[in-house]
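Listed in order, the protein sequences are those of chains A and B.
Under UniProt numbering, the residues of the first sequence are numbered 1 to 211, in order.
Under UniProt numbering, the residues of the second sequence are numbered 1 to 211, in order.
Since the hints were made in silico from the structure, they are not lab data.
It is possible that some hints are incorrect.
One copy or two, it doesn't matter: identical chains are merged, so the pair holds either way.
Claimed, not checked - In silico EDC-like links for lysine to aspartate or glutamate, alpha-carbon gap of 20 Å or less:
1. K16 with E133
2. K63 with E34
3. K63 with E129
4. K155 with E134
5. K63 with D38
6. K205 with D105
7. K77 with E30
8. K205 with E157
9. K205 with D163
10. K143 with E190
Predicted, not measured: the structure shown is a model, and the values here were computed from it.
Each chain is listed here by its residues.
There are 2 protein chains.
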Amino acid sequence: MEHIASRGPGRPPAAKAAETRERILHAAQEVFSELGYDAATFQAIAIRADLTRPAINHYFSSKRVLYRDVVEQAHAKLMAAALAKTQEASTLLSRISAVFAAAMDTESTDRSAAAFLVTSVLESQRHPELVSEEHDALASSRKFVTWAVNDAIEKGELSADTDIPAIVEMLVAVMWGMGFYAGYVGDRDELAVIVDKFELLMANKLWQLRD
Amino acid sequence: MEHIASRGPGRPPAAKAAETRERILHAAQEVFSELGYDAATFQAIAIRADLTRPAINHYFSSKRVLYRDVVEQAHAKLMAAALAKTQEASTLLSRISAVFAAAMDTESTDRSAAAFLVTSVLESQRHPELVSEEHDALASSRKFVTWAVNDAIEKGELSADTDIPAIVEMLVAVMWGMGFYAGYVGDRDELAVIVDKFELLMANKLWQLRD
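Bound-form chain A, shown alone (with noise of 0.2 Å):
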């Protein structure tokens, strides 16, 4: 058949392919996290993933190419966790809590997910160029939390002063913080800890003040 003929020597089945191709990202996105960037080499990923340097290379055409493409996996899943955790939440700390809920499954099923978005953050700093639109995870963060708050005034669940962007920002910056903690200080069980707090305190409910 034509298709087999027109395949070179070395080159594996579809499946196989795929299967590979899947392996090279998972260990970029653990030595991208743990080397950064620049430090990070075709060389170490092809070690972290068992495969050899060339093999990579017919993957992936340059560090750029696959950096971008894990990037946009690891913000995928986080958004398609957070989705599907959000569709049975009606208030605003209810989703908000599916957030946090869905980095934390996120968290579990790929340990370096979250450790990854939050050197995604710091990366683009030191490289404006790989900055994708698209899978900007902090982008992403403030336009479902800007979309909550908004949902729960215009409900009238929620009365605010109106200075809503503050607020918006405040909450991201929080969320980001839950994910330094996931990626570099807790462990899971901490993490699901200390997000019932800040629920709690969200709710105006972890603790009474005396002046």
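For chain A, the structure is supplied; the task is to place chain B on it using the hints.
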């Protein structure tokens, strides 16, 4: 005079030497933040400091030694600013606000400090050998918050559920989220605004929520 005769031919006088050392530390803080520990080189730091590579080596015998001195200085500056600000503060909220204010002061006098301290937490995971117990900013922040929360409970200012370590850890995560925001997302004015919103949230005064 003997101490002049004992100098090597290119050896700078003490005041000049201290100034050069300071210049190298500042350049190194920026380069370590921007490139990460692994990708940062003496060559890049020399260019940033407008010195030669051997000049850097004259002051710092290795990248590890230079890195530790940058950590020590950034940590000491933040601690000094926090101590000065917290001395007038006597309530939990004003003490936590004092640390945010200290971070903002440090940020405004030395823009790369917040970014550097955040990356130092990442680097301590990447390179456990770089961790210095004495100058561990994460450990210092945890120690400070623990003291402030316990003191507030003892004085009857705060009544909260008994899971104090979890509350401390949540506040620590938020602080580092603000640091991450200061270092990599917003400018000083944006940081001041979100800190203000978080202080309102801590006081249960940011918003009213209807169930």
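Verification of the supplied hints:
For the homomeric pair K16 and E133, neither the shortest alpha-carbon distance inside one copy (31 Å) nor that between copies (47 Å) is at most 20 Å. Both within a single protomer and between protomers do K63 and E34 lie at most 20 Å apart by alpha-carbon distance, with minima of 15 Å and 18 Å respectively. Taking the shortest alpha-carbon separations for K63 and E129, only the intra-copy value of 13 Å comes in at or below 20 Å, while the best inter-copy value is 28 Å. In the homo-oligomer, the alpha carbons of K155 and E134 never lie at most 20 Å apart, since the shortest distance is 29 Å inside one protomer and 51 Å across protomers.
Taking the closest pair of Cα atoms, K63 and D38 come within 20 Å of each other both inside a single copy (10 Å) and across two copies (17 Å). For the homomeric pair K205 and D105, neither the shortest alpha-carbon distance inside one copy (25 Å) nor that between copies (31 Å) is at most 20 Å. Taking CA atoms no more than 20 Å apart as the test, K77 paired with E30 passes inside one copy only; the shortest distance there is 15 Å, against 33 Å between copies. Proximity of K205 and E157 under a CA criterion of 20 Å is satisfied in both settings, with 16 Å inside one chain copy and 15 Å between copies.
Only between protomers do K205 and D163 lie at most 20 Å apart by alpha-carbon distance; the minimum there is 14 Å, versus 22 Å within a single protomer. For a Cα distance limit of 20 Å, the shortest separation of K143 from E190 across copies, 17 Å, qualifies, whereas the shortest one inside one copy, 27 Å, does not.
Checked against the numbered hints given earlier, this structure breaks hints 1, 4, 6; the rest are met.
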